[in-house]
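A.B. asks: Put together the whole structure using the sequences plus the hints.
Here are the chains, one letter per residue:
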Amino acid sequence: MNDALAIRARGLTKRFKDLVAVNHVDLSVPKASVYGFLGPNGSGKTTTIRMLCGLMTPTEGEIEVLGLHLPKEAEALRRRIGYMTQKFSLFEDLTVRENLEFLAAVQDMPPAQARTRIDELIQQYHFADREKQLAGTMSGGQKQRLALAGAVIHSPELLFLDEPTSAVDPESRRDFWEKLFELADGGTTILVSTHYMDEAERCHRLAILDRGVLVADGSPAELTGAIAGRTLAVHSNTPRRARRALMEAPGVISAAQVGNTLRVLTAENGGVIDRLSKVLTDAGLHGEITVSEPNLEDVFVSATRGKQAAATTQEAA
Amino acid sequence: MSFRRLFAIMLKELRQMRRDRITLAMIVGIPVMQLVLFGYAINFTLRDLDTAVADQAATAGSRAFVMDLQNTGVLRSVRDASTPQQLMEMLRRGEISVGVVIPPDFERRRVDGREAVQILVDGSDTSVQSAVAQLAQTPLDSAQYKQAPAPQISVVSFYNPERRAAINIVPGLIGIILTMTMVMFTAVSLVRERERGNMELLIATPVSSSELMIGKVLPFAGIGLIQTTLVLLLGAWLFEVPVRGALLDVYIASVLLILANLTLGLLISTKAQSQFQAMQMTFFVFLPSILLSGFMFPFAGMPKVIQWVAEVLPLTHFLRLIRGIMLRGAGIIELWPEVLALCLFTTVMMSAAILRFRKRLD
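Protein chains in written order, with our numbering: chain B, 1 to 317; chain S, 1 to 362.
Derived from the structure by calculation, the hints contain no laboratory data. Computed from a predicted model, the values in this text were never measured in an experiment. Be aware that one or more of the hints could be misleading.
[What the hints assert, rightly or not] Pairwise CB distance ranges (calculated):
no.: 1; chain 1: S; residue 1: 41; chain 2: B; residue 2: 57; range: 53 to 59 Å
no.: 2; chain 1: S; residue 1: 300; chain 2: B; residue 2: 15; range: 53 to 59 Å
no.: 3; chain 1: B; residue 1: 128; chain 2: S; residue 2: 283; range: 46 to 52 Å
no.: 4; chain 1: S; residue 1: 233; chain 2: B; residue 2: 136; range: 34 to 40 Å
no.: 5; chain 1: B; residue 1: 178; chain 2: S; residue 2: 284; range: 52 to 58 Å
no.: 6; chain 1: S; residue 1: 229; chain 2: B; residue 2: 178; range: 50 to 56 Å
no.: 7; chain 1: S; residue 1: 300; chain 2: B; residue 2: 110; range: 56 to 62 Å
Just so it is clear, CB atoms sit at the ideal spot from N, CA and C, and this is done for glycine as well.
C.D. replies: In structure tokens form, the structure reads like this:
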């Protein structure tokens with residue numbers, strides 16, 4: 001295995017009866033990077049993470065994490081990884097300090113070392129004034145901070161975070177990501193799943209999953225670069241009619257309305273502006289078309305190719 | 001096996017228990033409630049059965065006989081009747097359990113030595129039936145008492161000559177209470193972690209199955225001993241139940257039952273999908289334990305097949321142990337087959353639970 005890789009998976013597949021939750025996924029996660037998993041709910045993110053940290057046996061495929069072969073060497077891996085579950089999984093009826101004490105002991109840290117580490121984490125994660133508070137009585141953002149503190153208590157080499165910010169306000173999300181970059185700077189490899197585009201943009205590299213299939217992977221710049229020239233902005237005073245006309249046109253993957261502007265994603269980038277202008281003129285509509293900067297949302301829509309995905313984006317807008 | 005991790009799990013369990021008011025209440029509430037309920041309410045000696053008498057003879061002799069019947073304390077006259085038909089109706093309506101018919105020719109029948117009195121009984125309850133059957137021994141004429149021949153067989157009753165039901169029930173209650181609470185506590189313990197999502201966290205750590213299982217069992221074993229002490233103290237204080245054997249033996253026997261039940265609970269917990277299911281399965285164990293162990297009904301009276309089933313239940317063996325130690329003053333070594341059975345049960349259950357528990361989500 002390449003020493004620069006923390007995770008390498010080939011042909012990773014998980015079937016639950018008739019459902020294929022993860023379908024032949026290949027992954028290479030470089031060390032000391034923040035690697036994102038982007039995908040809608042039910043795209044197989046959680047199942048993939050569970051297989052990568054040895055909690056689930058893959059139906060097919062090879063996994064090598066930190067040089068250990070899974071699922072055979074899962075037990076040895078557990079000391080070297082941290083895992084933050086999607087749902088808050090610390091004990092709600094224990095206090096902040098009790099939870100951390102438990103996790104430190106379970107990781108076999110000697111008592112003195114555990115005490116120093118817990119004091120340190122309580123400072124770093126701003127729990128100094130609430131170390132005696134029951135975990136269950138804290139807010140979403142606080143719980144998430146505590147869960148992260150718990151996951152890194154034994155300073156793992158590799159950290160798995162399953163949608164860590166799904167129940168958290170924007171400010172806590174920002175703070176949380178600061179913490180992640182601090183950890184990555186310290187040499188920790190982080191694999192984080194999300195369905196927020198802005199979070200995906202922060203990752204060093206990312207993989208896009210759709211219905212269990214890996215549809216794209218690379219750095220955010222590579223991914224957006226690959227669709228350069230395919231995203232257009234259409235300014236029209238009748239945006240809804242323009243949208244209808246454009247959706248009929250061949251080569252248009254999606255057209256989402258943002259205010260009075262339409263954001264159009266096309267399949268190719270050669271001479272699209274002229275072609276679409278003609279479509280609008282033929283439909284008796286007026287519109288001004290310019291090329292716009294592609295973002296990860298466009299990458300995502302393009303990769304999943306779904307008219308369906310386009311529809312959800314439009315609703316969100 | 002790491003003692004640091006084992007200790008961490010035990011400490012966590014104790015801390016969680018301390019904050020769980022219902023569990024705390026159950027630890028003390030169940031023993032006290034059961035002891036008082038069973039100790040005072042259950043009495044196998046029947047008294048004051050509702051009775052009506054149809055005395056068609058109405059002679060001095062018949063009235064004296066009715067008085068004799070009432071003096072036994074078994075019957076209590078609540079209604080009057082004049083014909084056997086009326087008695088039958090009252091029986092059917094449930095107004096009385098026993099009807100006494102004294103025919104008009106009572107005196108002549110008595111002299112002739114024929115049947116002179118008929119007692120009608122609602123035999124649907126067999127204990128009522130057998131209590132009333134005893135009444136058939138009542139002499140028709142109290143004067144005959146003196147002439148009654150001395151019985152040729154004498155029965156000498158040991159260990160509970162006063163025939164107090166509490167003496168038999170209280171030691172058994174230790175077993176019932178431990179079975180009820182211990183199985184339930186551990187049956188819900190793993191499932192609860194699964195329901196609350198803690199399990200995914202736990203299995204992603206280096207904690208081993210045996211550390212988790214043993215760490216969950218031991219704190220409850222301590223609770224079980226507290227309950228045992230409570231029942232022993234209340235039993236001695238309220239019902240003067242003696243401990244004729246060694247107190248240490250009582251506790252050893254209790255520990256054996258506690259461990260058997262806790263490990264059974266753990267096994268249930270690895271199988272159940274929800275806390276509710278775990279409770280249902282607990283009752284599936286609890287009911288046969290109460291009915292078949294010999295706590296309610298003597299073991300000797302059960303059909304062979306049922307006896308085999310009962311031999312599998314830990315409570316059956318514990319009852320033999322505890323009654324032997326507390327009431328007959330036997331040493332625990334003398335009762336070694338029961339000790340062996342309980343140890344075997346615990347070993348099998350614990351191994352099955354550890355084997356069944358997978359540190360995986362699929």
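A.B. asks: So, for every hint listed, does it hold in this structure?
C.D. replies: How the hints compare with the structure:
1. S:41 x B:57: 53 to 59 Å: holds, 54 Å
2. S:300 x B:15: 53 to 59 Å: Hint holds: Cβ distance 57 Å, inside 53 to 59 Å.
3. B:128 x S:283: 46 to 52 Å: holds, 48 Å
4. S:233 x B:136: 34 to 40 Å: Cβ of residue 233 of chain S to Cβ of residue 136 of chain B: about 36 Å, so the range 34 to 40 Å holds.
5. B:178 x S:284: 52 to 58 Å: holds, 53 Å
6. S:229 x B:178: 50 to 56 Å: holds, 55 Å
7. S:300 x B:110: 56 to 62 Å: holds, 59 Å
No hint from the list above goes unmet by this structure.
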